[in-house]
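2 protein chains.
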Amino acid sequence: MLSLRLTSFTHLLSPPSSAAIARRSPLILRRRHHIRQRPLAASFSAQSATAETQDRVNNSKNRVPERVITPRSQDFNAWYLDVIANAELADYGPVRGTMVIRPYGYAIWEAIQEYLNVKFKETGHSNMYFPQFIPYSFIEKEASHVEGFSPELAVVTIGGGKELEEKLVVRPTSETIVNHMFTQWIHSYRDLPLMINQWANVTRWEMRTKPFVRTLEFLWQEGHTAHATPEEAENEAIQMIDIYTRFAYEQAAIPVITGRKSKVETFAGACKTYTIEAMMGDKKALQAGTSHNLGQNFARAFGTQFTDENGVREHVWQTSWAISTRFVGGIIMTHGDDAGLMLPPKLAPIQVVIVPIWKKDDEKAAVLNAALTVKDVLQKSGIKVKLDDSDQRTPGWKFNFWEMKGVPLRIEIGPRDVASGSVVISRRDIPGKQGKVFGISMEPSNLEAYVKDKLDEIQSSLLERAIAFRDRFFPSMLFLVCDSYI
Amino acid sequence: MLSLRLTSFTHLLSPPSSAAIARRSPLILRRRHHIRQRPLAASFSAQSATAETQDRVNNSKNRVPERVITPRSQDFNAWYLDVIANAELADYGPVRGTMVIRPYGYAIWEAIQEYLNVKFKETGHSNMYFPQFIPYSFIEKEASHVEGFSPELAVVTIGGGKELEEKLVVRPTSETIVNHMFTQWIHSYRDLPLMINQWANVTRWEMRTKPFVRTLEFLWQEGHTAHATPEEAENEAIQMIDIYTRFAYEQAAIPVITGRKSKVETFAGACKTYTIEAMMGDKKALQAGTSHNLGQNFARAFGTQFTDENGVREHVWQTSWAISTRFVGGIIMTHGDDAGLMLPPKLAPIQVVIVPIWKKDDEKAAVLNAALTVKDVLQKSGIKVKLDDSDQRTPGWKFNFWEMKGVPLRIEIGPRDVASGSVVISRRDIPGKQGKVFGISMEPSNLEAYVKDKLDEIQSSLLERAIAFRDRFFPSMLFLVCDSYI
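Chains G and C supply the protein sequences, listed in that same order. At position 380 of the first sequence (counting the first as 1) the number is 380 in UniProt numbering, and the numbers step up by one without a gap. At position 107 of the second sequence (counting the first as 1) the number is 107 in UniProt numbering, and the numbers step up by one without a gap.
It is possible that part of the hints are untrue.
[To be verified] Which residues of chain C face chain G? A partial, calculated answer using Cβ under 10 Å:
hint : residue
1    : Gly93
2    : Val100
3    : Glu110
4    : Ile134
5    : Ser144
6    : Gly148
7    : Ser150
8    : Val155
9    : Leu168
10   : Gln184
11   : Ile238
12   : Gln239
13   : Ala301
[Unchecked claim] Using 25 Å as the maximum straight-line C-alpha spacing, the simulated DSS-like pairs for lysine-lysine come out as follows:
hint : chain 1 : residue 1 : chain 2 : residue 2
14   : G       : Lys284    : G       : Lys364
15   : C       : Lys380    : G       : Lys380
16   : G       : Lys167    : C       : Lys162
17   : G       : Lys121    : C       : Lys346
18   : C       : Lys384    : C       : Lys119
19   : G       : Lys119    : C       : Lys167
20   : G       : Lys384    : C       : Lys162
21   : G       : Lys141    : G       : Lys119
22   : G       : Lys346    : C       : Lys119
23   : C       : Lys119    : G       : Lys162
24   : G       : Lys162    : C       : Lys384
25   : G       : Lys436    : G       : Lys386
26   : G       : Lys119    : C       : Lys162
FYI, nobody ran anything at the bench for these hints, they're computed from the structure. Note that beta-carbon positions come from the ideal geometry of N, C-alpha and C, so glycine has one too.
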């Protein structure tokens, strides 16, 4: 039933030791700025589009890539930080523990937002926005809440040049300020359920930080709802963890385990915390989303009451639930490999990259022309496509670069392909010749169908692979329980 | 030319005196919670759908609306605050000067975001995210920047329970931290132009606040770009103020005046500030968006340099530009009237509200059924439609309520309408009988075309009315200059 209690999760939840990472971060950061030259055992020659481009691809430029990623098996954390730096997903902010989310990383977050925003609205939630400054006294109103959050607070003590009379907390989460407002908005049962969500930044003064996984400031959505009955609140908490679960499986291709947190790990102020936990490539678990049944804890602390149908005043029953930019870290650590990032097509900012290949100048125009046509065809059918037509890099360098960025499909077009009206398509998830198919007709309806089909295949294949990996390291019994819940 | 200098703007920019507002805010806030009963000179009887519903509409419930809005002509500021409270656009946060943006107000902001986000991406900008905590020393690096912003800063001095070694500023704007990062990312001319945008919250410790117009914390987008030449930067600054201008005219139906700020009003740290200024219903101007040519000011302060094609190191040329939730205030104050909010269809969260009308219980099913069909037809054609089928309110109360919420079109369906297969449609912008058309066929293609046509008409009509109002109070010469610029 609903009181799933997967106590065996607890051991999974110890965060990966990040002390070592913190120590080596500066080095890793430097690595990016000082280009190192290390020959790469490149497999590009085997991957080039057609024989005529072999020379081009094999030339010396290719053998000296500017980027180096620590092998995943050698040092998982170093690999993780290298991928983030090289794929330009994020960078370190000037304040310790803060992170700048760069465009490519932010685009993954936008894809997450786009999907969840629709689901939240479909299930009756409205977006809104609460101020981030919370009077210090609010945090103290709910006993276990202050205990949980007070060590992690950033506090504003000066405003407009003056010492403030009451210190302000920069929101670590918004239950207190939400309840302060709910108390003013909720009068009768007719005002319930009240179901809202906000996309916002939150601040938690973490000592050990790691990009995406744990940063001083992060982005998230936080849902907050108030209901007339405990059953409704429980159903809502379950509904939202279910939406998160489906999102993880269907969009991120991450086979999370859904369950309930142990008492000690329950959210500070909640009665029950449901969680989705994902297994990373280093076999450590990552809490990837939570949904809390808050009971009447915050309602009592803030006097959030309603008049029921019989005229009796009662406290509301509440939930809150959140997914954050940490999820991007989960995607990197679930699917990435030694070549870098590997993105599930449904969340990839670029689903298909087109690399035109020419040797002689008189081939260039025809190749670029064909590449542009292919781009238009795919774009019109709603596929996120990029044409990398820069002159400054060799095709081999581009192959390497876009593989590292995790783009699911690559289309190669050379002069011979133009002549035969076909293209070469390579899958990111299957390296080398095996993932490469020659002679796919450029004919629009054929090409579109082929690409869409392959993207679906990759999406499924990533999930299957992650499930197999997970099942290899977890007792299958556990999943039977979970699967019945999901 | 580009050096447009509309010095006569300056007198427009003095903010509406908000001291008086601040004094009366608590009263206004209270007004909402203590329902006052004041008979309204209701014109509902004249507006009811068909004769058979007159009784229903005229009944006593209708004459005692729960909401009271101060007439606009009597006290513009009181009217403004009443509209915000009654239409549930926003509420006061617990910290002085902060604002909670409620779902209906936030939905207007989402419509603004949706439009601008597409335009920003079309013009080559990528979204990303910078941390909101900025080392205090950063703010001091650009001389006029610190002078402009230091009186308005919120400062974090405690983190994780400890006094911080360096105080942190909660971003009032992000030029400093952006330049800190740009300096690390930009190496050569190949890295330029660098064009990014972020949607974020910002904090400015304002003493006189007013919902949407001036709050301690607000939401905005801030664009930041770096270029190789001053011409490129100037073109970018102009391009963005042009996008804002088009947005204001075409989406918000606000005939802004585009020009350049005087020296004293130029952004702290910029060389030139372009602005769009809107005239509110009280004939006061509102700065509704700005685009700054920053020259090399921040580049010099932060050492943001690139190597040009000749191998010479040079400072980049930059711009920044922003539109904030203040724009929602501009929409309220441009179009609203004594009945409340009036929203331009293109930004309205609800474009059409359907009010079913029945007297006898045996009429209810047929009326609701027809209302649902109409809703489906409109929804499928992409129109934002709401069916208000609640039992708790009379049709007259609903007419009043949705007019106050500024919904552009109302569809009324009664039993006789069902019998004749038609509906009654009323325009928000034309009160009473004049704005009401009977006997519009329910036939899907006809209804869809009629509604879309009317929404376009209302959009144009709001703009025309606002232009006429503006031109009545401004010297026409001024606009000739502006129009040629726009």
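Consistency of the hints with the structure:
Taking 10 Å as the C-beta contact cut-off toward chain G, the hint placing Gly93/C at the interface holds, the least distance being around 4 Å. With a least beta-carbon distance of about 5 Å to chain G, the hint placing Val100/C at the interface is held under the 10 Å criterion. Of the supplied interface hints, the one on Glu110/C holds, with its beta-carbon coming within about 7 Å of a beta-carbon of chain G, less than 10 Å. With 10 Å as the threshold, the beta carbon of Ile134/C comes within range of chain G, its nearest partner Cβ sitting at about 7 Å, so the hint holds.
Restraint check, Ser144/C versus chain G: the minimum CB separation of about 18 Å is more than 10 Å; hint violated. Taking 10 Å as the C-beta cut-off, the interface hint given for Gly148/C is violated, the closest approach to chain G being about 14 Å. At about 7 Å, the closest approach between the beta carbon of Ser150/C and any beta carbon in chain G falls short of 10 Å, and the interface hint on this residue holds. With its C-beta approaching chain G no nearer than about 4 Å, Val155/C sits inside the 10 Å limit, and its interface hint holds.
Using the Cβ-Cβ criterion of 10 Å, the hint placing Leu168/C at the interface with chain G is satisfied: the shortest such distance is roughly 6 Å. Checking Gln184/C against chain G by beta carbon gives a least distance of about 7 Å; that is within 10 Å, so the hint holds. Annotation: interface hint on Ile238/C violated; nearest CB of chain G at approximately 24 Å, more than 10 Å. Interface restraint check: Gln239/C against chain G, minimum CB-CB distance 19 Å, threshold 10 Å, status violated.
Hint status for Ala301/C: violated, given a least beta-carbon distance of 14 Å to chain G, over 10 Å. About 48 Å separates the Cα atoms of Lys284/G and Lys364/G, which puts this hinted pair outside 25 Å; it is violated. Between the alpha carbons of Lys380/C and Lys380/G the distance comes to roughly 22 Å, so the proposed pair stays at or under 25 Å and holds. Only pairs whose Cα atoms come within 25 Å are accepted, and Lys167/G paired with Lys162/C is accepted, the gap being roughly 14 Å.
For the hint linking Lys121/G to Lys346/C, the alpha-carbon distance of about 20 Å falls within 25 Å, and the restraint holds. For a cut-off of 25 Å, the pair hint linking Lys384/C to Lys119/C stands: about 22 Å separates their Cα positions. Distance restraint check for Lys119/G and Lys167/C: the Cα-Cα separation of roughly 40 Å exceeds the 25 Å cut-off, and the hinted pair is therefore not satisfied. As the CA atoms of Lys384/G and Lys162/C are separated by approximately 47 Å, the hinted pair breaks the 25 Å bound.
A threshold of 25 Å between alpha carbons decides the hint, and for Lys141/G with Lys119/G the separation of about 32 Å lies outside it, so the pair is violated. Proximity of Lys346/G to Lys119/C is assessed by CA-CA distance (about 23 Å); at most 25 Å being required, the pair is judged to hold. In summary, the hint linking Lys119/C to Lys162/G is not supported, as the alpha carbons are separated by about 40 Å, beyond the 25 Å threshold. Taking the CA atoms of Lys162/G and Lys384/C, the gap is near 47 Å; set against the 25 Å cutoff, the hint is violated.
This hinted pair checks out: Lys436/G and Lys386/G have alpha carbons roughly 19 Å apart, not beyond 25 Å. Simply put, Lys119/G and Lys162/C have alpha-carbon atoms about 40 Å apart, too far for the 25 Å limit, and the pair is violated.
The structure fails to meet hints 5, 6, 11, 12, 13, 14, 19, 20, 21, 23, 24, 26 from the earlier list, while all remaining hints are met.
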